[in-house]
Each structure stands twice: as structure tokens, then as C-alpha cells.
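Using this note's numbering, you'd call the opening residue of the sequence shown number 136 and step up by one each time.
Calculated directly from the structure, the hints in this document are not laboratory data.
All of these numbers come straight from a predicted model, not from anything done at the bench.
The reader is advised that the hints may include incorrect statements.
[Claimed, not checked] Derived lysine to any residue pairs resembling SDA-like cross-links, with alpha carbons at most 20 Å apart:
| # | residue 1 | residue 2 |
| --- | --- | --- |
| 1 | 556 | 368 |
| 2 | 557 | 703 |
| 3 | 696 | 449 |
| 4 | 703 | 368 |
| 5 | 664 | 620 |
| 6 | 206 | 369 |
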Amino acid sequence: MSHQEGLTAYIAAFVAELSKTGVKDVVISPGSRSTPMALVMAEHPDLRIHIQVDERSASFFALGIAKATGKPVALLCTSGTAAANYYPAVIEASISRIPLIVLTADRPHELRDVGAPQAIDQIHLYGKNVKWFVEMAPPEKTEDMIRYARTVCGRAAATASSYPQGPVHLNFPFREPLIPLMDESMFELPERVGGYVEIDTGRLSLSDQTFAAISEDIASYTKGIIVCGQLDNSEFTDEVTALADKLQFPIIADPLSQLRSGEHDGHHIIDAYDAFLRNEAAKESLKPDVIIRFGAMPISKALTIFIKENRTARQFVVDSGAGWREPTMSASDMLYCDEALFCKKIGEVAAPAGKSDYLNKWLTVNELAKEQLSAISQVEELSEGKLFQQLTEMLPEGSTLFVGNSMPIRDLDSFFLLNKKKIKVMANRGANGIDGIVSTALGVASVSQPCYLVLGDLTFYHDLNGLLASKLYNIDINILLINNNGGGIFSFLPQAKEPKHFEKLFGTPLDLDFSHVVEMYNGKYDLVKDWEHFSETFTQNQKVGGLKVMELRTSRDSNLKEHRDLWKSVSREITYMLKGDTK
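Please model the complete structure; the sequences and the hints are all you need to start from.
Structure (C-alpha cells):
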């Protein structure tokens, strides 16, 4: 038997099983050592192949597809530093619980640590940032090795998909020659029903006795809140709103909780908390005695501080991924249970609560804060905060809104408030980095339309290579580029009090004309002049396909003053209300 026969049979078995596990999308970064896997993948009739030349952009593009579909995406590259360029996306996938199957080609064992070109140590390259690592056996065409390839593939897909979802890494040592025998019959393998190995996982739950005891505990408190961070569970929205109604608890809804948009009952939703939880009188008046928390930690620093300041309250953290999303060190009970199931079970055994003055206080303060925040709509100059207030009204039904980190995600939290539209809000909030945002959003846009990306100029610059995906695959995406010529978020941080070196080290103005790069990728570029022009351009771009970039140039100083004035206004009015003063 020739080397090529063994190589072909082994890889074909792996790729065939990959498809049977439900993987549909494969992102390939071109390279030599990964040739056999790439060719066989391209030959498989049921796999969608996406080519991304830049490995970092490729990995975030795969991350975006996986975020949007909830299904594992395979990612393939050659040996050497190509695999290292996947690292940031692997980290994000790990923390954000996104299923990726990372496949790295490698030199065979005899060419490692001997000075061979393009050879680095790829064993456990991603460390603890992957759920599982396998150094694959060299390809052979024996019955046991074919079974091995299929079994590892099935296990890898199941591991990536099981809660908490995340990345796995398989490292393939390939010897030359690297060209497989491209035979149409290579995928004709002995079959079992479904796939070679079926792996079933269930939802985490608790005993009925535990649910009853927790329900009894919660009922003993009169001042309770429900905090919902980033969570992607299609059943959760209805169950948590029903539970809040039963308990008469307010829901503190992070924008990534998917609770600020949709036709669900929004009566208990608190969405302006980031503004009023900066007020000491409000925090004192709204002190809870029990907190039930779901999902990742919220975006709002004010809310995180509020949770930390109330450590005397009973704090339940419910996590379907059995992790430890609790940096405040305030949890009294860590409950490993599916979030929607938890809400349903507690709701079934809880007695309906009566009218709650505590809930009404939260709702009253929230409405007052929203009243003051609405002043943003009167701002005449281009404003970062007003943009999100406008998007609440302007985004088409069924849109996906992807938001970059630093200031945009915080303005989303402050100004993208409760609405009845069906809008999915997404972001890379695992490691909170600004790298790979363009590519992630394009990955999302490749499977979810219409898609809008809002990001800052530094974030845009970090991933200009990612725009290639839109050109190659004619992906329709609307990019709203907020250009304040530097790192706007640093103006809100203590570093701003050191003016001597601030601009050089933190402000970092780029002074770039982004129209050129948009043109290079065959995109449509518009420099927004004013709000009327923005509305016209936004509407026109809905009729145009491909890459569209609308740039809004703003002032960092004006943005800082605008936010501080609004926070002061909210704080002043809440203080008046709580003291019963008249103006």
C-alpha cells in the first residue's frame, strides 16, 4: 500500500465523519502542509468552504459563523506560526463558549526540533484555552486507524458542542508527498446509522427537592432582582420574564441578554441601570436582599460594582455550563442548571407574589433615568450615544447588530433601550478585545441577514484584512464606523488625568482616510455629514448589497462631556425624587 493511499483513506474518513457530525462550514487558511486535508474537504459535497488568507481574520470569521449558528465550525491551517495566529480567536471562543474545531497541520515527528523550516512546537499550543487536544496519529489505511480517525472526529465535534461549548484542537502530522488520490469514491465508507459514533449529552438540572428548597428560600425575601448577562438560549426569554412576573422581581437586562428587543412582555425589564446605579442614593434605596444571576458578567461596570457592594444579599448564580462566571466573589449559591429550565421549575413551584413596592421603585427610577437619557435625541452634532438611540428606531425588523468593544459596547448598554423589534445583539465579550471584530461580524453576516456592525476607528484598523471576506463572497454588511481619531474610551479612565503623555500613549490618533481601503475591497463608502444625511444613507444602503461603510466623525472631548452631563442629569433628578424635593 502506498503512502498516498493511506493518507487519502485516513483523511477522507475524518472529513466524511466531520460532515456526519453536523459540521457544515469549514474555514481554510491556505498553506502547503495542510494540502491533503484542504483538498479532501474541498471535494466533499456537503461542506461549505470559506477561504481566508490571513489566519487571524480566518479564525475570527469562523468564530462569527459559529456564534451565529450555534454549531461547530472547522478551521484549518498549515504548520508554523499560521497556527499561532489562530490563538486570539481560540481564546475568545473559549471564554465566550463558542464551538470551534481547530485543525492544524504539522511536520511529522522526525522533522520536529531539528531545524526544519516552518516547524514550531504545536503540541498543546493553545494550552488550557481548548477543551480538548489531540496529537493525531500519522495517517494509515488500516481498519483500526480508519475507526480511530472517525471516532476522534465524532468526539471532537461532541466536545466542542457540549456545555459549556468551546474550541478543541487536533494536530495532524503529515509526511510528503502531500497530494491525496482524488477519487470520487473516497467517501464511500462502511456506515452506521447517523455517524460512526453517536454522542448524546443532556441539559444540566437539579432535583425536584432542590428546586423546591430554592423556591422556598427565594420566597423568604421581599427585595429581589434578576440580573441577565450575555446568554444565547432560545427558551430563556419567555421563561425568565414569566418567572419575574411570578416573583415580582425586576430584570436587570444587559443588551447581550437578548431581553431588550422582541415581542416578549417587557414590563419587568430595567434597561437604564448603567446611568442610575452611579447615584449613591439610588443604590442605597434599591439595595436587594436576593439576587438571581444568569449568563456572563454584565457589560456595565456600575452594575458589577452594585452586585459587589451587596454581598450581604443572597446571591444565586445559575450556569448551564458549570463554569465560574463570578469575579465579584459575592455568590452564595452556584447552581449548575440549564437557565431556562431553572426559571421554569422555580416558576412552577413558587407561589405568586403580591404587589411589590420594591419592584415599582426600580421601575420608577428606570423610567426617570430614561427620560433624562432621551435628551440625547436632541443633540445636533454627530454623537456616539445618539447613534445607538437612532439605531433602536432605524434597524430593520430581524436585524443582527454586532457591536465592537471599548466605547461602542458601552454606548449600546446606555442608549439601546427596550424595543419591540426582533433584533439579535452580538459582541465578542469573552476577552473583550478589539482584534478580529470585522471578521467575526462578517462570519455572522454570512449566515444572518441583515447585519449591522458598529465599531470604532482603532477596532476597524485592527482588522482591515477581514474585509476581504466581503469581497470574496459578496457578503452584505453595513458597517457604521465611529471615528473619533483614537481610543475614545481612555478619555473616561484615570489615564486622562495625565495629559503630558495621554495622546501619545492612549489617545493614539491614526489620522487615516478609510475611504481608500473600502474602495480597495470594492465597498461603498459614505462620510456622514449630519443626522439627515445619515438617515438618507442608512435607508439607501438597505437597497445595496456587499460592503457598505458609513463613517461618522465625532469628537472625543464632546463625547466625554455629553456622557458626563447626562449622568449628572440622571443623578440630579433621581436624588430629587428619592428625597421628595421639588425643583
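Cross-check of the supplied hints:
| no. | hint | verdict |
| --- | --- | --- |
| 1 | 556 - 368 | holds (18 Å) |
| 2 | 557 - 703 | violated (32 Å) |
| 3 | 696 - 449 | violated (38 Å) |
| 4 | 703 - 368 | violated (36 Å) |
| 5 | 664 - 620 | holds (16 Å) |
| 6 | 206 - 369 | holds (14 Å) |
Hint compliance for this structure: hints 2, 3, 4 are broken, all remaining hints hold.
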